[in-house]
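Visitor: Following the hints, put chain B in place on chain A, whose structure we already have.
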Amino acid sequence: MIAVVDYDTGNVGSVLNMLKKVGAKAQVSRDPEVLGHADKLVLPGVGAFDEAIGNLHRFGLWDVLNELVLEQRKPILGVCLGAQLMARTSEEGHRPGFGWLNARIARFRAPEGQQLRVPHMGWNTVTPDKSGGGIFDKVPQPMRFYFVHSFHMVADEPDLQLSTTTYGYPFASALASRNIISMQFHPEKSHKYGLQVYRNFVESFESC
Amino acid sequence: MLKPRVIPCLLLRGRGLYKTVKFGDPKYVGDPVNAVKIFNEKEVDELLLLDITATSEKREPNYELICDIAGECFMPLGYGGAVTSIEQVRKLHRMGVEKVAINTAAYSDRRLVKEACDMFGSSSIVAAIDVKKTFLGKYEVWIEGGRKNTKQDPVKYAEELARLGVGEILVNSIDRDGTQSGYDIALLKKISAAVDTPVIACGGAGSLDHIRQAITEAHVSATAAGSLFVFHGKHKAVLINYPTPGELEKL
Chain A
1 MIAVVDYDTG
11 NVGSVLNMLK
21 KVGAKAQVSR
31 DPEVLGHADK
41 LVLPGVGAFD
51 EAIGNLHRFG
61 LWDVLNELVL
71 EQRKPILGVC
81 LGAQLMARTS
91 EEGHRPGFGW
101 LNARIARFRA
111 PEGQQLRVPH
121 MGWNTVTPDK
131 SGGGIFDKVP
141 QPMRFYFVHS
151 FHMVADEPDL
161 QLSTTTYGYP
171 FASALASRNI
181 ISMQFHPEKS
191 HKYGLQVYRN
201 FVESFESC
Chain B
1 MLKPRVIPCL
11 LLRGRGLYKT
21 VKFGDPKYVG
31 DPVNAVKIFN
41 EKEVDELLLL
51 DITATSEKRE
61 PNYELICDIA
71 GECFMPLGYG
81 GAVTSIEQVR
91 KLHRMGVEKV
101 AINTAAYSDR
111 RLVKEACDMF
121 GSSSIVAAID
131 VKKTFLGKYE
141 VWIEGGRKNT
151 KQDPVKYAEE
161 LARLGVGEIL
171 VNSIDRDGTQ
181 SGYDIALLKK
191 ISAAVDTPVI
201 ACGGAGSLDH
211 IRQAITEAHV
221 SATAAGSLFV
231 FHGKHKAVLI
241 NYPTPGELEK
251 L
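Those protein sequences? They're chains A and B, same order as listed. Numbered per my numbering, the first sequence finishes at 208, counting up by one with no gaps. Numbered per my numbering, the second sequence finishes at 251, counting up by one with no gaps.
Among these hints, one or two may not hold up.
To be verified - In silico BS3-like cross-links for lysine-lysine, where the CA-CA straight-line distance does not exceed 30 Å: (1) A:Lys-40 x B:Lys-91; (2) B:Lys-37 x A:Lys-21; (3) B:Lys-234 x B:Lys-42; (4) B:Lys-138 x B:Lys-91; (5) B:Lys-22 x B:Lys-151; (6) B:Lys-3 x A:Lys-130; (7) B:Lys-37 x A:Lys-20; (8) A:Lys-20 x B:Lys-3; (9) B:Lys-42 x A:Lys-138; (10) A:Lys-20 x B:Lys-42; (11) B:Lys-91 x A:Lys-25; (12) B:Lys-42 x B:Lys-133; (13) B:Lys-37 x B:Lys-138; (14) A:Lys-138 x B:Lys-3; (15) A:Lys-25 x A:Lys-138.
If you are wondering where the hints come from, they were derived from the structure by calculation, not from laboratory data. Since this is a predicted model, take the numbers as computed values, not measurements.
So here's chain A without its partners, still in its complex pose (with noise of 0.2 Å):
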């Protein structure tokens, strides 16, 4: 069984709809029982950092969802907010962030000279730098994923990076170390590409 983590911030909804498409078992829980018996998480996330994080705390999802991922080891795919808190600390908020990752968020800066509108928001093309556990195989090339989002990813170990994106400047769409998957697009929002990412996590990523 998958579990998507519920801690009110998140498209709960949409990634159920995908992981149903799919065929797999999933359910929506913060309940820190079911969370412990899924085979799987995925943590989504759509909105600020510090009230995602203090939802977190709140629900007490917080010490429950370190020890299902540091300790355990339990595959999980993060995806934009998501995958955000997976990070040290954001340039969104004041509270930090999981630590999972060596990594950071950083606003969108427009390239001097140049105009950005941010959000980052559509369909833009995402390059993989690694294999990541082959979350992204039989996905057709080249790949398109949907994006809406202020702040990105910075890994400070550049074997983090799983993928490049370029808009403004070419910046880190996905990340990857472990049992740990951070996706800075929707995949669930993402035709046949995104139903293919999200079969490979459900059947066959274990860890990268």
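Guide: Here is chain B on its own, set in the frame of chain A:
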């Protein structure tokens, strides 16, 4: 590279899909869930669903239908129509609607817009503005599905909505709606230049050239269209259609 989005805009009246001309004269197009399935197969960039009678009938959004539609949408989905509270926005998000458009309620209650943006994030909230030209050529904001004139200047209003933090501004031209005579480029240009917030053009698209024009001349981030994607030919036979990836590439 980021491509400008091309968004079919579907109008709901009750459980049916309709298309209007200048916000009137609704013509039945078909079953919405079926249409969404077809748009899904055509891999549309995004979908926008507007319930055009919810506000006037003073009722809630049709959650059951929205839920059915969201279950078929593997692309971003926006919904607008009679959204007046934070609770409704939350409920829609949980169903799998990622963008909620607020129109009449945004005009009468700016706090709702601010609160919704703070709570759900800017990218989840779209402000929708319906605009009509007076006969002297002045643009004015209309609300309640084009039935009430606020006399407000759309550029000033868009600036205010942008300051409140909305993620996108949908600019719908009442005069061009359903006419397929091209977007109101002058209006779009003004609004797009006044705000940094992404602008979605709506009303008047009759060809891919019109879409190209809105992108290159008015610098909008996205274009929405109704008739163009549900009708075919001069007799307006119902035919759900969408540009091929190759056609979109050339925009």
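Visitor: Provide an ascending list of the numbers of those earlier hints which the structure does not satisfy.
Guide: 4, 12, 13
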